[in-house]
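2 protein chains.
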Amino acid sequence: MVFFHCWPCKQRSSSSSPHNPTRLNCHKMFVPGFGEASPEAKAAKNLHNFFNYIAVKIVSAQLESYNPEAYEELMEFLDTHSLNDGDEFCASLMRESSRHKALALRILEVRSAYCKRDFEWDNLKRLAFKMVDESNTKLMREYVLETSPATENETGK
Amino acid sequence: MVFFHCWPCKQRSSSSSPHNPTRLNCHKMFVPGFGEASPEAKAAKNLHNFFNYIAVKIVSAQLESYNPEAYEELMEFLDTHSLNDGDEFCASLMRESSRHKALALRILEVRSAYCKRDFEWDNLKRLAFKMVDESNTKLMREYVLETSPATENETGK
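Protein chains in written order, with full-length UniProt numbering: chain A, 1 to 157; chain B, 1 to 157.
So that you can see chain A by itself, here it is in the shape it has in the complex (with noise of 0.2 Å):
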C-alpha cells in the first residue's frame, strides 16, 4: 500500500516529459515533515548556502594573489563567523567596515555568477543519479559478501 500525494507544484513545460503539459503531475510519494515548503526548496536553500561558500573560496583565492591585506582581513573575518548561513555571513561582514563591505558586494556578485553560469546543473543531477545507483549496490554487495560465509556454514558447506 503507498501513499501518493500530490504537491501544489505548477506543471513545468520541458522537452523531457513524456507527459501531456496541460496534466498535472501527481503521482508522487508524499514526504511528510515539510509543511508549507516542499524537498526542492530546502535543497535549493543549501544549495545557496554552499554557492556562498564557494564564492568566498573563490574570492579569496583572487584576493591572496593580488591583495594580501584584503586576503588577510577576510581570512581573519572567517575566523569568527561561520559560513553555515551564508546570507547572515554576508550580512555581518557588508556591516564590519567598509572594506569588508566591498568584499561582502564582491561575494554576492560572484556567488550569483556561480550558480548561474558555472555551476553545472546537468552535471549534479547526472552524479546524483550514479550516485544512488553505485551506493544501492555497493550496499547490497557488502551485505551478500558479509552475510554469505554464515549461510554457508549453516548449509554445512
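Please keep in mind that the hints were generated in silico from the structure rather than gathered at the bench.
Mixed in with the good hints there might be a few duds.
Each pair may be met inside one copy or between any two copies, as identical chains are not told apart.
Claimed, not checked - Pairs of lysine-lysine residues, derived as PhoX-like cross-links and limited to a Cα-Cα distance of at most 25 Å, are as follows:
| no. | residue 1 | residue 2 |
| --- | --- | --- |
| 1 | Lys45 | Lys28 |
| 2 | Lys138 | Lys125 |
| 3 | Lys45 | Lys101 |
| 4 | Lys45 | Lys116 |
| 5 | Lys125 | Lys57 |
| 6 | Lys125 | Lys101 |
| 7 | Lys42 | Lys101 |
| 8 | Lys45 | Lys130 |
| 9 | Lys57 | Lys101 |
Position chain B relative to chain A; hints supplied.
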C-alpha cells in the same frame, strides 16, 4: 583581475549551450579546495544524503498507517542512529535484524525512485536562481535602509 580555471570536465552535449559541442567550456572561476572532486560531486553527495532522509520519511509515513510495529522499530532505530550519512545508516539498518533489513531495502528502493522520478530538478534550479537574486537584493536593501539615516545625519539633513 579575475582568475579563470579550466575544470577537467567533459563537454556535455546540451541543446541549451550556445557553444560548439567540441569546444571546451574553460571560462570558469577557479574554485580552490576541492582537490580531485568537483563542487558538483560535493553537492551531489549532499543531495544523496538528503534523498536518503526523504526516503526514510516516506517509508516511515507509509509504515505508520499499515504496519505500526515496523514503524515503531524504525523510530527506535532512528533514535540511536544518525541520518547524516545515508549509506552508513542503511548499512547499519540492514544488519540489525531481518525485519530491519527489509526496511533498509525498501529505503534503498525509495531513495532511487525519489531521486529519479519525483524530485523536480528543474524546480531546484529555478528556486536556487530565484533565491540568490532575492537574497542579494534583500541583503543590499537592508544594509542601505540601516545605514541611510547615518548618512542623512552626516550631511546635516
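Verification of the hints:
Taking the closest pair of Cα atoms, Lys45 and Lys28 come within 25 Å of each other both inside a single copy (22 Å) and across two copies (23 Å). In the homo-oligomer, the alpha carbons of Lys138 and Lys125 lie at most 25 Å apart inside one protomer (20 Å), although the nearest pairing across protomers, at 29 Å, exceeds that limit. For the homomeric pair Lys45 and Lys101, the shortest alpha-carbon distance inside one copy (23 Å) is at most 25 Å, but the shortest distance between copies (33 Å) is not. Proximity of Lys45 and Lys116 under a CA criterion of 25 Å is satisfied in both settings, with 15 Å inside one chain copy and 20 Å between copies.
With identical chains, the CA atoms of Lys125 and Lys57 are at most 25 Å apart both within one copy (23 Å) and between copies (22 Å). For the identical chains of this complex, Lys125 and Lys101 are neighbours neither inside a copy (35 Å) nor across copies (28 Å), given an alpha-carbon limit of 25 Å. In this assembly of identical chains, the alpha carbons of Lys42 and Lys101 never lie at most 25 Å apart, being 28 Å within a copy and 29 Å across copies at closest. For a Cα distance limit of 25 Å, the shortest separation of Lys45 from Lys130 qualifies both inside one copy, at 23 Å, and across copies, at 11 Å.
Taking the shortest Cα distances, Lys57 and Lys101 sit within 25 Å of each other inside one copy (17 Å), while across copies they are farther apart (42 Å).
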